[in-house]
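J.: In this text, residue positions in the sequence shown follow the numbering used here: the first is 105, and each later residue adds one.
Some hints could be false.
[What the hints assert, rightly or not] With a Cα cut of at most 30 Å, we get these calculated BS3-like pairs of lysine-lysine:
id: 1; residue 1: K264; residue 2: K249
id: 2; residue 1: K307; residue 2: K317
id: 3; residue 1: K264; residue 2: K248
id: 4; residue 1: K249; residue 2: K317
id: 5; residue 1: K237; residue 2: K158
id: 6; residue 1: K259; residue 2: K237
Honestly, the hints are just simulated from the structure, not real lab data.
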Amino acid sequence: MRKRFLTSAVATAAVLGGFTAVPALAAPAPAPAFSGLSSPIAVELAEKLPEMRKAAAAVQARLGVHENPLRERILDAIDPTDYECSTATPPVVAAVTADFANLTPDQALASVYVLLFDLVMQDAVYFPQPGGKFTYGAKGTYTKKATDTFGGLRKFWDIKSKDIQLVPAHGRMLLDTARVTRVFTTLYGQPLDLSQNTANFIKTQITSTPLLKNGDHPAYTFNAYAFSAEGRPVPGVGNVGDKIVLGDGVLDGFGLVGLGDVTTQAILAHEFGHHIQYEDGLFGTTLPAPEATRRTELMADSFSAYFLTHVRGERMNWKRVQLFTAMFAQIGDCGFDAPGHHGTPNQRVKAALWGYGVAQTVWPRSLVLPSRVFAWLFEKHLPKLVAPDATDTAVLNAAKQAATTVS
105 MRKRFLTSAV ATAAVLGGFT AVPALAAPAP APAFSGLSSP IAVELAEKLP EMRKAAAAVQ
165 ARLGVHENPL RERILDAIDP TDYECSTATP PVVAAVTADF ANLTPDQALA SVYVLLFDLV
225 MQDAVYFPQP GGKFTYGAKG TYTKKATDTF GGLRKFWDIK SKDIQLVPAH GRMLLDTARV
285 TRVFTTLYGQ PLDLSQNTAN FIKTQITSTP LLKNGDHPAY TFNAYAFSAE GRPVPGVGNV
345 GDKIVLGDGV LDGFGLVGLG DVTTQAILAH EFGHHIQYED GLFGTTLPAP EATRRTELMA
405 DSFSAYFLTH VRGERMNWKR VQLFTAMFAQ IGDCGFDAPG HHGTPNQRVK AALWGYGVAQ
465 TVWPRSLVLP SRVFAWLFEK HLPKLVAPDA TDTAVLNAAK QAATTVS
């Protein structure tokens, strides 16, 4: 079973704030950040937070779920009991977390649990989503872009893709306490009574302030997943089909920093790139874990950029190329020793620009390269993408030059 994320798998120092492994807390006492809690269930959940964080991490590892550093960065912005983060925060994360400073202790604690267990995204991955006609973005803003782009990707690439389902992750599912309880009990094995109490507490808190938008706050769904169980049943759940899960928050969040025009297409194309890797058997490598994950993520960035700029794809011009490379830069990381390392911001920019270069230089321009041929070209170019770079300026200049050649 595999689940590939838009964002990096491990929190890293240079980009996302220098936070490291979660230290153990000495005694189960209410966390200092949550003093002034208003109810017994709130106090109980604060006391349980350290053990719950460990339990969530263990289950997510068993399910093949990598840590998501942007979710972790958001989590740490409202849960300062773990470790300090630097101020070197990507603009999109700063925009998404801006409201959290104004939350009450109870509201912040509820948000920690939503993020810690990744409740909305896990529900969307492992369980059927209600409703027949899906919308994307909390207000449906990106629905047409998402459905049109997904259809275009299916036609563009040469893999079997009719069985891939595109589904949304809406934060408002947090208002459905039965669904939240199901995630706690079925996926995480939590006791029924505690799960129900936690679900009720979360619903009460996210509806107690307009800041959390009845669950549709972008922090709760700031990610996208490409999921494939590869024909095997998921423990505790059963058979789950291939999916791309598109969180409202990642679309709305990048919209807050002026990148909404390209985010939907770029993210979908990246996640579809992972499904190309599933279908073509491209995950096999002799590289160690950090380099292996970086390779697959940078390849997905290149798949994405090729589709976005090809004349038979999205046909994006240079101005929009600059926008989607800026988006990829904000979700890069510098966790060179971490198993989920996805590539530095500069490497992700270079990978996207290389994909753009292939679309611009392979003749005839109307030719769509077979996915395995494109992957072969990428493998040849990968050493250049991950070579040490001196300064941001030098890297970007080299990347622009690489965009005009294919080697």
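J.: Next, verify each hint and record whether it holds.
T.: Each hint, compared with the structure:
1. K264 - K249: holds (22 Å)
2. K307 - K317: This hinted pair holds, its Cα atoms lying about 11 Å apart.
3. K264 - K248: Given pair K264, K248 holds - Cα atoms ~23 Å apart, limit 30 Å.
4. K249 - K317: Holds, because 23 Å separates the two Cα atoms, which is no more than 30 Å.
5. K237 - K158: Given that 30 Å is the threshold and the Cα spacing comes to 37 Å, the pair is violated.
6. K259 - K237: holds (21 Å)
The structure does not agree with numbered hint 5 stated previously, though it agrees with all others.
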